[in-house]
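A.B. asks: So you can see what is in the structure, the chains are spelled out below.
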Amino acid sequence: MSTGLAAQFVKRFAGGPAIRVDNLNTASGAGITVLFGASGSGKTTILRCVAGLERPDEGRIYFGGQSWFDSQCRRCLSPQERHLGFVPQDYGLFPHLTVGLNIAYGLAKLAPGERRQRIGQMLEWLGLTGLENRLPRELSGGQQQRVALARAVACRPRLLLLDEPLSALDTPTRLRLRGELRGLLRQLDLPTLLVTHDRQEALALGDDLIVLHEGRIIQQGPAAEVFSRPSNLAAAGILAVETIQPGRLLQCVDGLATVAVHTAQLTALAQDLPAGTSDVFVCIRAEDVILALGKDDLSSPRNRLPGIVRRLDREGPLVRVSLDCGFPLLALLTKPACEELALREGTVVHALLKAPQIHLLPRASS
Amino acid sequence: MKLSARNVIKGTIKSIKKGPISTLVTLEIAPGVEVVSVITSEGAGSLKLKKGQAAYAIIKASNVMVGVD
Numbered sequence: 001m002s003t004g005l006a007a008q009f010v011k012r013f014a015g016g017p018a019i020r021v022d023n024l025n026t027a028s029g030a031g032i033t034v035l036f037g038a039s040g041s042g043k044t045t046i047l048r049c050v051a052g053l054e055r056p057d058e059g060r061i062y063f064g065g066q067s068w069f070d071s072q073c074r075r076c077l078s079p080q081e082r083h084l085g086f087v088p089q090d091y092g093l094f095p096h097l098t099v100g101l102n103i104a105y106g107l108a109k110l111a112p113g114e115r116r117q118r119i120g121q122m123l124e125w126l127g128l129t130g131l132e133n134r135l136p137r138e139l140s141g142g143q144q145q146r147v148a149l150a151r152a153v154a155c156r157p158r159l160l161l162l163d164e165p166l167s168a169l170d171t172p173t174r175l176r177l178r179g180e181l182r183g184l185l186r187q188l189d190l191p192t193l194l195v196t197h198d199r200q201e202a203l204a205l206g207d208d209l210i211v212l213h214e215g216r217i218i219q220q221g222p223a224a225e226v227f228s229r230p231s232n233l234a235a236a237g238i239l240a241v242e243t244i245q246p247g248r249l250l251q252c253v254d255g256l257a258t259v260a261v262h263t264a265q266l267t268a269l270a271q272d273l274p275a276g277t278s279d280v281f282v283c284i285r286a287e288d289v290i291l292a293l294g295k296d297d298l299s300s301p302r303n304r305l306p307g308i309v310r311r312l313d314r315e316g317p318l319v320r321v322s323l324d325c326g327f328p329l330l331a332l333l334t335k336p337a338c339e340e341l342a343l344r345e346g347t348v349v350h351a352l353l354k355a356p357q358i359h360l361l362p363r364a365s366s
Numbered sequence: 367m368k369l370s371a372r373n374v375i376k377g378t379i380k381s382i383k384k385g386p387i388s389t390l391v392t393l394e395i396a397p398g399v400e401v402v403s404v405i406t407s408e409g410a411g412s413l414k415l416k417k418g419q420a421a422y423a424i425i426k427a428s429n430v431m432v433g434v435d
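Line order of the protein sequences matches chains A and B.
Counting from 1, one number per residue, gives the positions in the first sequence under my numbering.
Counting from 367, one number per residue, gives the positions in the second sequence under my numbering.
Rather than coming from a laboratory, the hints here were simulated on the basis of the structure.
In this text, a Cβ means the ideal position worked out from N, Cα and C, and glycines have one as well.
Treat the hints loosely; a few may be bogus.
Calculated from the model, a selection of chain A residues having no Cβ within reach of chain B, i.e. all distances over 12 Å [said to hold, decoys possible]:
(1) SER28
(2) GLN72
(3) ARG137
(4) LEU177
(5) ALA270
(6) PHE281
(7) ILE308
Using 35 Å as the maximum straight-line C-alpha spacing, the simulated DSBU-like pairs for lysine-lysine come out as follows [as the list claims (entries may be wrong)]:
(8) A:LYS335 / A:LYS295
(9) A:LYS335 / B:LYS376
(10) A:LYS295 / B:LYS414
Pulled from the structure, derived: some chain A residues nowhere near chain B, Cβ distances all over 10 Å [claimed, not checked]:
(11) ARG134
(12) PRO157
(13) ARG229
(14) LEU312
(15) CYS338
Just chain A, same shape as in the assembly (with noise of 0.2 Å):
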């Protein structure tokens, strides 16, 4: 039996879409869970049932063997009895109480000398000495975050629920804390079940992945994996495959597959094709394509595509290219690569892509 968590439940909204969680599994022991999906798709929801905040329609919610929901025998575990801990997207702090204060809230149950050597263990750990006695305002948000993440593990949950932890937070801070909030769970070595709609945010934080698209989970796995192989169109979309195209298989030899997109030819693993395949989507990540100035036939990719530079797009240290390579492809560069490449629109490039870098998907026929 699985030791992590283990749901399969409904939750209906007047007048709005049912949220319908058909088997959610998290591997057993310590790890980072992301539910990953558009706004409105679901995530927060699916954690509030987790967290025992919302109540599913019907279903069963499993942790660690135990039953923490259950519709058929009318059993629902409070937030308390689940023994988690939540951190809310706003963080939740209590205004008027300390920083020591807000940590101390979980630990009622503790003698008095044990809960001041935990706030103290929090504290130390999370960098937080010396603001026991400030108040939520007078703090940086993530030193609020921090608090909000210290609160909630203070009473050593068997759980960590995590709402969007960075969304609060300014672009260069978010930034920062992802590593530092990735080190710090680490750290924790507990089950923990994160929500973000981000992608770099699901990359770096999560190991495993669940990917919710109008109330439904429609892919789930290693976070790596998912996020090179969608297993639908909808998951591509939705993880943020920057070229999706349609193609037309015309030979598979020695499990590599030629595929015609409009005028140009891909060759790409055809490993995840089912046989009789003959229409796909091609997609491709931006940030697997190498450009080449100049010939190329002195390098292994499979696929050197001759194209021109459209567009040139500023994102911070990398730029996004905009290709025509007889079918519109989108690269992301360093700016020193950019630079060097001497890249201007008009530019005559090869896009370089190994094979298993392109990924095919069933099509249905047009």
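Place chain B on chain A using the hints.
C.D. replies: Okay, now just chain B, sitting in the frame of chain A:
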């Protein structure tokens, strides 16, 4: 030829393990420092790779992970 990839690292081919679809190529960059590449066997064939030959590992910056002890 100029490449956008930020990491073009010269090495020597230490081993080539050919499979039906993929070939595993190990490059020795410096004594004890190896980079392993999985390329299609078709790609390995077209480059006529041989053990002991000089070759480059080409890696985009976005594909490099950083870890600490």
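A.B. asks: Each of the hints needs a verdict: does it hold here or not?
C.D. replies: Consistency of the hints with the structure:
1. Remark: the non-interface label on SER28 (chain A) is consistent with the geometry, its nearest Cβ contact in chain B lying 25 Å away (cut-off 12 Å).
2. With a closest Cβ-Cβ approach of about 46 Å to chain B, GLN72 (chain A) is found to remain outside the 12 Å limit, as its non-interface label requires.
3. Consistency note on ARG137 (chain A): stated as away from chain B, and its beta-carbon is indeed over 12 Å from all of that chain's, at 35 Å minimum.
4. Every CB of chain B lies more than 12 Å from the CB of LEU177 (chain A), the least distance being 17 Å, so the non-interface label holds.
5. For ALA270 (chain A), the shortest C-beta to C-beta distance to chain B comes to about 9 Å, within the 12 Å cut-off, and the non-interface label is violated.
6. In this structure PHE281 (chain A) is separated from chain B by more than 12 Å, as the shortest Cβ-Cβ distance comes to about 21 Å.
7. For ILE308 (chain A), the shortest C-beta to C-beta distance to chain B comes to about 15 Å, beyond the 12 Å cut-off, and the non-interface label holds.
8. Our distance criterion of 35 Å between C-alpha atoms is met by LYS335 (chain A) and LYS295 (chain A), whose separation comes to about 22 Å.
9. For the given pair, LYS335 (chain A) sits about 23 Å from LYS376 (chain B) by alpha-carbon distance, which is consistent with the 35 Å threshold.
10. Distance check on the hinted pair: LYS295 (chain A) and LYS414 (chain B) sit about 18 Å apart at the alpha-carbon level, within 35 Å; holds.
11. At roughly 31 Å, the least C-beta separation between ARG134 (chain A) and chain B is larger than 10 Å, which holds for a residue marked as non-interface.
12. Annotated as non-interface, PRO157 (chain A) keeps its C-beta farther than 10 Å from every C-beta of chain B; the closest such distance is 28 Å.
13. Every Cβ of chain B is farther than 10 Å from the Cβ of ARG229 (chain A); the closest lies at roughly 15 Å, confirming the non-interface assignment.
14. Here LEU312 (chain A) stays apart from chain B, with its beta-carbon at least about 12 Å from theirs, past the 10 Å limit.
15. Here CYS338 (chain A) does not stay apart from chain B, with its beta-carbon only about 7 Å from theirs, under the 10 Å limit.
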